[in-house]
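Chemist: Each chain, written out:
Protein chains: 2
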Amino acid sequence: MIARLRPQPIIQIDDIRPSHPGLRVVGVFNPGACLDQDEIVLLLRVAETGQVQDGYFSLPVVDADGLGFIAIAASEYAAAKDPREIRYHGQTLLTSLSHLRLARSRDGIHFKVEEQPFLFPQTPLESYGAEDVRIAAFSDGYYLTYTGVSADGVAVCLARTKDMIKIERLGAMLPPENKDACLFPGRIQDRYYALHRPAVNFLGKPSIWLTESYDRVHWGNHRCLLRPRENGWEDDKIGAGPEPMLTPEGWLLLYHGCNRDSLYSLHLALLEGDDPSRVLYRTQTPILYPQAPFEIAGFFPNVVFSNGWVRLPDDRVLIYYGAADCAVGVAESSVAELLSLVKQASAH
Amino acid sequence: MIARLRPQPIIQIDDIRPSHPGLRVVGVFNPGACLDQDEIVLLLRVAETGQVQDGYFSLPVVDADGLGFIAIAASEYAAAKDPREIRYHGQTLLTSLSHLRLARSRDGIHFKVEEQPFLFPQTPLESYGAEDVRIAAFSDGYYLTYTGVSADGVAVCLARTKDMIKIERLGAMLPPENKDACLFPGRIQDRYYALHRPAVNFLGKPSIWLTESYDRVHWGNHRCLLRPRENGWEDDKIGAGPEPMLTPEGWLLLYHGCNRDSLYSLHLALLEGDDPSRVLYRTQTPILYPQAPFEIAGFFPNVVFSNGWVRLPDDRVLIYYGAADCAVGVAESSVAELLSLVKQASAH
Numbered sequence: 010m011i012a013r014l015r016p017q018p019i020i021q022i023d024d025i026r027p028s029h030p031g032l033r034v035v036g037v038f039n040p041g042a043c044l045d046q047d048e049i050v051l052l053l054r055v056a057e058t059g060q061v062q063d064g065y066f067s068l069p070v071v072d073a074d075g076l077g078f079i080a081i082a083a084s085e086y087a088a089a090k091d092p093r094e095i096r097y098h099g100q101t102l103l104t105s106l107s108h109l110r111l112a113r114s115r116d117g118i119h120f121k122v123e124e125q126p127f128l129f130p131q132t133p134l135e136s137y138g139a140e141d142v143r144i145a146a147f148s149d150g151y152y153l154t155y156t157g158v159s160a161d162g163v164a165v166c167l168a169r170t171k172d173m174i175k176i177e178r179l180g181a182m183l184p185p186e187n188k189d190a191c192l193f194p195g196r197i198q199d200r201y202y203a204l205h206r207p208a209v210n211f212l213g214k215p216s217i218w219l220t221e222s223y224d225r226v227h228w229g230n231h232r233c234l235l236r237p238r239e240n241g242w243e244d245d246k247i248g249a250g251p252e253p254m255l256t257p258e259g260w261l262l263l264y265h266g267c268n269r270d271s272l273y274s275l276h277l278a279l280l281e282g283d284d285p286s287r288v289l290y291r292t293q294t295p296i297l298y299p300q301a302p303f304e305i306a307g308f309f310p311n312v313v314f315s316n317g318w319v320r321l322p323d324d325r326v327l328i329y330y331g332a333a334d335c336a337v338g339v340a341e342s343s344v345a346e347l348l349s350l351v352k353q354a355s356a357h
Numbered sequence: 010m011i012a013r014l015r016p017q018p019i020i021q022i023d024d025i026r027p028s029h030p031g032l033r034v035v036g037v038f039n040p041g042a043c044l045d046q047d048e049i050v051l052l053l054r055v056a057e058t059g060q061v062q063d064g065y066f067s068l069p070v071v072d073a074d075g076l077g078f079i080a081i082a083a084s085e086y087a088a089a090k091d092p093r094e095i096r097y098h099g100q101t102l103l104t105s106l107s108h109l110r111l112a113r114s115r116d117g118i119h120f121k122v123e124e125q126p127f128l129f130p131q132t133p134l135e136s137y138g139a140e141d142v143r144i145a146a147f148s149d150g151y152y153l154t155y156t157g158v159s160a161d162g163v164a165v166c167l168a169r170t171k172d173m174i175k176i177e178r179l180g181a182m183l184p185p186e187n188k189d190a191c192l193f194p195g196r197i198q199d200r201y202y203a204l205h206r207p208a209v210n211f212l213g214k215p216s217i218w219l220t221e222s223y224d225r226v227h228w229g230n231h232r233c234l235l236r237p238r239e240n241g242w243e244d245d246k247i248g249a250g251p252e253p254m255l256t257p258e259g260w261l262l263l264y265h266g267c268n269r270d271s272l273y274s275l276h277l278a279l280l281e282g283d284d285p286s287r288v289l290y291r292t293q294t295p296i297l298y299p300q301a302p303f304e305i306a307g308f309f310p311n312v313v314f315s316n317g318w319v320r321l322p323d324d325r326v327l328i329y330y331g332a333a334d335c336a337v338g339v340a341e342s343s344v345a346e347l348l349s350l351v352k353q354a355s356a357h
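Those protein sequences? They're chains A and W, same order as listed.
Residue numbering for the first sequence follows our numbering, beginning at 10 and increasing consecutively.
Residue numbering for the second sequence follows our numbering, beginning at 10 and increasing consecutively.
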């Protein structure tokens, strides 16, 4: 187990200004993270929804004309099984629209959140939202992989930024139904690698796949790398977390597991440095699971989910995580401790 | 509507010799097709299964050691809802193992089927079978896209052959859950294109997506191109057929639609020659649907499904199709007639 740096969220709903009039923030969670000079940058997922007024609920969506609203009778909105989804006229919609918001900090704990979105959904791949970004730093800029949700499905979108201001969208890197994609930050021999999580349903379980590329835009040679396990933590699905971290002993992979109670916990694997298709170690029990009150209760309870971490110059590692699809927490570890955890657990 | 060249299947189960002792052929269908010199080559999907003996059913699967069998009590095998699938110990398995078998013909109707498989499943992406190949001819060889089925899901596999004998596997081109992928035979400007059919389930319906590549192995910039329509033929899902055919008026695309009764029919679209992301025309009613007895009844009834066609030097087009997941039929048309059908129907 790793230690929480704070027993409370470091960023929560009240810290976020809505992006547009008529929207209210219902969650800030699942940030991507990177170092930018001497600052820690988070790209937060901010989930917003509309108002309830005169018996109608206004659901925000984005189309070719920009932000719009679908008016849904409040009675239809009530009593959904999953708070994240709503059925409307035979169609599935999300109950909120997510965008990415930038925040900066010098100490890794106190963040200044920008008032405007960093990346707001654009049609057509993002009409229902942009979610859960991973940031991989390369010499030619940051590559962002995030989930684009639309009426055509849940896909992995790719974008590039040099300055964390101007964004170049590079289209869907992987088609539906896929999410939880992260690039390895750097080339291994002559090619790039990424992990992703196709949402299979007919055969197999949602697993972590490896893919390779020569340019980071076009991907091939997909292989299943890690599968769910029947251990009470990772039974139903697993997915990669932030960009893997290169250590002297290989690539450290932080990933999440989801069990049959929809409880999300954090786990580690170690992949060979020269060949990330070789799994050297994998933890047997989580390094973090929902225990703090803000992790146990929230918009979607019992979730710790990480898609952002940073390694500080002193080899400390700050692990940012979404708690209960509602707020942001931070835990602290070190490269040495994470390596020890992943190697020790697998020795059993 | 196009005309059947024969009122009966041109290839059926009795024409196929089992690939291994202990296997029996339960279907030959869904061939890919191409011209090879003055011969028409089909790569047939041959589905085989094991024997029922002493109350046990032997289900063939492939693992690292090659072909093996899972023994399933015949009572468990009975009364599956879908004849193609079986639930066993909480796991889904296919009731048959498919491989690809080559057949040659000079007249396009009478085929000589090889006695040995052309491509037999190899673990791990193909452990439950290799299905429904599309053949795209390039100056450097034939590129084959086929469905690889395994315990990790249903993926699009890629292979290359220069001589229709030696096969070079190029891995999974697209991760699960995906099938019905075909390459455009040739470059458009500086890149290659392909169509594929991700099996979304949470949002959207199974649709035809477009993707692009610089090398045919790595793919990116995925976009949804054609979606199911509520017209009684294509309500539930659609998927691309054979490699698109370049005509003076654009790329002719033959695709299948599946309606709410699981009836599969054939349709056409015309894509712009210089930019296949632009749909110029799309038929409103099928050009072929199950009518002949061998299309209406079979292993999976009410299916005509095409993943193979050839354009003869006189511009006649032979359309090969799987009938009821059981046999192979052939219909005849011409480039002029197909263009007329796709343009006329959309004029309404």
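In short, the hints are calculated from the structure, not lab data.
Incorrect hints may appear among the rest.
The list treats identical chains as one, so a pair stands whether inside a single copy or across any two.
Unchecked claim - Below, a list of computed lysine to any residue pairs in the SDA-like style, where the Cα atoms sit at most 25 Å apart:
no.: 1; residue 1: K214; residue 2: T101
no.: 2; residue 1: K214; residue 2: P92
no.: 3; residue 1: K214; residue 2: A80
no.: 4; residue 1: K214; residue 2: G77
no.: 5; residue 1: K121; residue 2: L348
no.: 6; residue 1: K352; residue 2: I79
no.: 7; residue 1: K121; residue 2: R238
no.: 8; residue 1: K214; residue 2: G75
no.: 9; residue 1: K171; residue 2: A83
no.: 10; residue 1: K214; residue 2: T132
Chemist: All hints are to be evaluated individually against the structure, with a verdict given for each.
Modeler: Hints and how they fare:
1. K214 with T101: both (22 Å within a copy, 11 Å between copies)
2. K214 with P92: Classified as both; 23 Å inside a copy, 22 Å across copies.
3. K214 with A80: between (36 Å within a copy, 23 Å between copies)
4. K214 with G77: For K214 and G77, the Cα distance is within 25 Å only across copies (23 Å; inside one copy 36 Å).
5. K121 with L348: neither (32 Å within a copy, 60 Å between copies)
6. K352 with I79: neither (51 Å within a copy, 36 Å between copies)
7. K121 with R238: Close neither inside one copy (39 Å) nor across copies (48 Å); limit 25 Å.
8. K214 with G75: Classified as between: cross-chain Cα gap 24 Å, same-chain 36 Å, threshold 25 Å.
9. K171 with A83: This pair counts as neither: shortest intra-copy Cα distance 43 Å, inter-copy 62 Å.
10. K214 with T132: between (30 Å within a copy, 18 Å between copies)
Violated hints, in rising order: 5, 6, 7 and 9; the structure is consistent with all others.
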